[in-house]
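Chemist: Spelled out from the first residue to the last, the chains are:
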Amino acid sequence: MFNRMISWIDQRFPLTSFVKHDLTGYPTPRNLSYWWNFGFLAGFVLVLQLATGIFLAMHYKADSGMAFDSIQHIMRDVNYGWLLRYLHATGASAFFVVVYVHMARTLYYGSYRKPRELLWWTGQGLLLLLMAISFMGYLLPWGQMSYWGAAVITNLFRATPFIGDQVVIWLRGDYGVGDATLTRFFALHYLFPFIIVGGVVIHLIALHTVKSSNPSGINLADKDNIPFHPYFTIKDMFGLGVYLLVFFVFVFFFPNAFIEAANNIPANPMQTPPHIVPEWYFLPFYAILRSVPDLIGGVVAMGLSVMIFAAMPYMDRSRIPGGAHYRPLYRLQFYIFIIAIFVLGYVGSQPVTDNIVLLGRGATLVYFACFLFLPIISKVEERMLLKRGLPPAVRAMVEGEKA
Amino acid sequence: MINHRSSKRFCLVLLLGLLPLFANASEEKLDESPIPTDRASIQRGAEEVVTTCGGCHGLKYVKYSDLLTLGFAKDKVDGWRGPLPLDAALKPQMSADDATASFGVAPPDLSLMAAAREGGGHYLYSYLTGYHINDKGELTNSVFPVTRMPDVLGLSGITDPKQRAEMEEKAKDVSAFLIWAADPHAQERKHLGYYVLAYVFVMTILLFLWKKQIWHDIDRQPKIE
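Chains as they are written, first to last, in the working numbering: chain L, 205 to 607; chain P, 822 to 1046.
To be clear, the hints were calculated from the coordinates, so they are not data collected in a lab. Predicted model only: the values in this text are computed from it and were never measured. Even glycine gets a Cβ: it sits at the ideal position worked out from N, Cα and C. Treat each hint with caution, since some may be false.
[To be verified] Only some residues are given here: those of chain P computed to face chain L with a beta carbon under 10 angstroms:
id, residue
1, Glu853
2, Pro857
3, Thr858
4, Pro928
5, Ala936
6, Glu939
7, Ala1003
8, Lys1011
9, Phe1022
10, Ile1026
[As the list claims (entries may be wrong)] Derived lysine-lysine pairs resembling DSSO-like cross-links, with alpha carbons at most 30 angstroms apart:
id, chain 1, residue 1, chain 2, residue 2
11, L, Lys427, P, Lys1044
12, L, Lys224, P, Lys1033
13, P, Lys957, P, Lys991
14, L, Lys415, P, Lys884
15, P, Lys1011, L, Lys265
16, L, Lys427, P, Lys1033
17, P, Lys881, P, Lys1033
18, L, Lys224, P, Lys1011
19, P, Lys1044, P, Lys1033
20, L, Lys415, L, Lys583
21, L, Lys415, P, Lys1044
22, L, Lys265, P, Lys881
23, L, Lys591, P, Lys1044
24, P, Lys884, P, Lys897
25, L, Lys591, L, Lys318
26, L, Lys265, P, Lys991
27, L, Lys265, P, Lys1033
28, P, Lys1044, L, Lys318
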């Protein structure tokens, strides 16, 4: 019966071949480390955000007079509404943690390199969408930080040449952030996640064309690729368990860790909070924005700091295969880059003082230098490594690499 | 040559070197003494808030019926609510306009106060007990010097240590109630959290063992760098 049903479907839809190509038979390098779990985790968090978000939307009121109250209604009166909201709010932070680790892994192991450029760029697109969604979602509770965060960020679009003021009004739907802003942000906050789902499908199609990279950074021989199922389904499930342990500690015991105190005060356009900070996941970029003294320069620097990742496949000019594992200079630079991000994150969270500005400027320079010097560094490193002779293991793998 | 370990160590040293720069947080000192979480303290605090603070402050997200859930007797709650229905929010006795006329500012709603201030319950406790007479002989508050709220618990005028300790106890109960009011499901949340974590923990161990079993043959193959 079951087989008959499947063959009925197969004559009309490539079900069996799809499962075979993309799941049971999908060849996956056997040496993937646990850093390779984060792509799956990002997919899981996306589904959880969609599920909790849809239920929250059933009780939320996108109206500047009711939004704040409706959140408290969800927190107090809706059955397990507090759980829905804490899952969703913590989930937003978790999404960025997972995606940032996923990106750091890609950088470290050189997974952005040929032939995975399109995979990397679709990922860059997903990051931009995620940033837009979380920024708009943060306005919805209509607290002080929501309001002033949105006011500050939309105001940045004043930097658009010639039509800056009009762009800001167009984004807000009004001269200031107000009811029109809230309703459009809500509409888009509900729409964009489904675009992300589509983007993820494209990301996965690209992945399944070029296949996963691996810690060595070199394509493995056939015998070293194993089917995705059951090996990586079970490994992803185990990783998910570990992830959930950490996630639930925050959801159930520290749910307010990522909610600014000032956001528990209803939005008040007449009163600026003493210290406006964006969510933690925007802090490094916010610090870069503040490090440039002039508005247009700051906005350009901030935009560049997010978009420059897309240039990685061209910045990295080394012919040495693989990622940081065999490339000491690139590895050093990777760690310096990570430190710069943490320093920028700290700077972004602090009120502006002379020392903080200085530290921020230094870290901004280091941040961009990591990208801009990469063409030179990778070439110097290549020459150095070739002169010294590649380690036998790498050489063997380069020779064994399938074309 | 820079190898793997030394570049990691280099970064660690760099990070540690930067640490002193980070340690300049300039927050006002809050009294961090623990705020009770037991039902009895929350109840005493609720009574104090309804009878004393309720003169000026409302709690628009807390209903009179919530006080029944907290364990107050029906006739006590009936006495407090007067003609208001049971599912009405706790209303201030003084209208916002009258209060603004007297204090120059409307007393803020207290339902979310414990969540809306950095430091939460410790802020509330420090604020309520922070009233004192400064060197110039003026009444001031150590965490909110220019506050327009009067010293309702009267701590600035108490000299007797025993009486002071009593009032501090009262301030703790009030803070305990306001913490409850800001997040009434906190107890239930933590309770559920233990079960969820225990379940996920056991599940994760089983998944780990299952993974080991499935990967048994692969794990025995020579490692790829």
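Chemist: Given P/Phe1022 was flagged as interface, is its beta-carbon under 10 angstroms from a beta-carbon of chain L?
Modeler: Since the shortest Cβ distance to chain L is 6 angstroms, the answer is holds.
Chemist: Restraint: P/Pro928 near chain L, CB-CB cut 10 angstroms. Satisfied or not?
Modeler: 14 angstroms, violated
Chemist: Sort out whether P/Lys897 lies within 30 angstroms of P/Lys884, counting only the CA atoms.
Modeler: 14 angstroms, holds
Chemist: Compare the distance between the alpha carbons of L/Lys224 and P/Lys1011 with 30 angstroms, and conclude whether the hinted pair is satisfied.
Modeler: 44 angstroms, violated
Chemist: Given the hint that P/Lys1011 pairs with L/Lys265, test it: the Cα-Cα distance must not exceed 30 angstroms.
Modeler: 28 angstroms, holds
Chemist: Does the structure keep P/Lys957 and P/Lys991 at a Cα separation of 30 angstroms or less?
Modeler: 28 angstroms, holds
Chemist: Can you verify the interface hint for P/Glu939: is its Cβ closer than 10 angstroms to any Cβ in chain L?
Modeler: Since chain L brings a Cβ to about 5 angstroms from P/Glu939, closer than 10 angstroms, the hint holds.
Chemist: Going straight from one Cα to the other, do L/Lys265 and P/Lys991 come out at no more than 30 angstroms?
Modeler: Measuring from Cα to Cα gives roughly 38 angstroms; hence the hint is violated.
Chemist: Tell me if the interface restraint on P/Ala1003 is satisfied: Cβ within less than 10 angstroms of some Cβ in chain L.
Modeler: 8 angstroms, holds
Chemist: Given the hint that L/Lys415 pairs with P/Lys1044, does the C-alpha gap stay at or below 30 angstroms?
Modeler: Status holds; Cα separation ~20 angstroms.
Chemist: Below or equal to 30 angstroms on CA atoms is what counts here, so check L/Lys427 against P/Lys1033.
Modeler: At roughly 20 angstroms apart (the allowed maximum being 30 angstroms), P/Lys1033 and L/Lys427 satisfy the hint.
Chemist: Given the proposed pairing of L/Lys265 with P/Lys1033, does the C-alpha separation stay at or below 30 angstroms?
Modeler: Between L/Lys265 and P/Lys1033 the Cα gap is close to 48 angstroms, so the pair fails against 30 angstroms, i.e. violated.
In summary, the numbered hints that this structure violates are 1, 2, 3, 4, 14, 17, 18, 26, 27.
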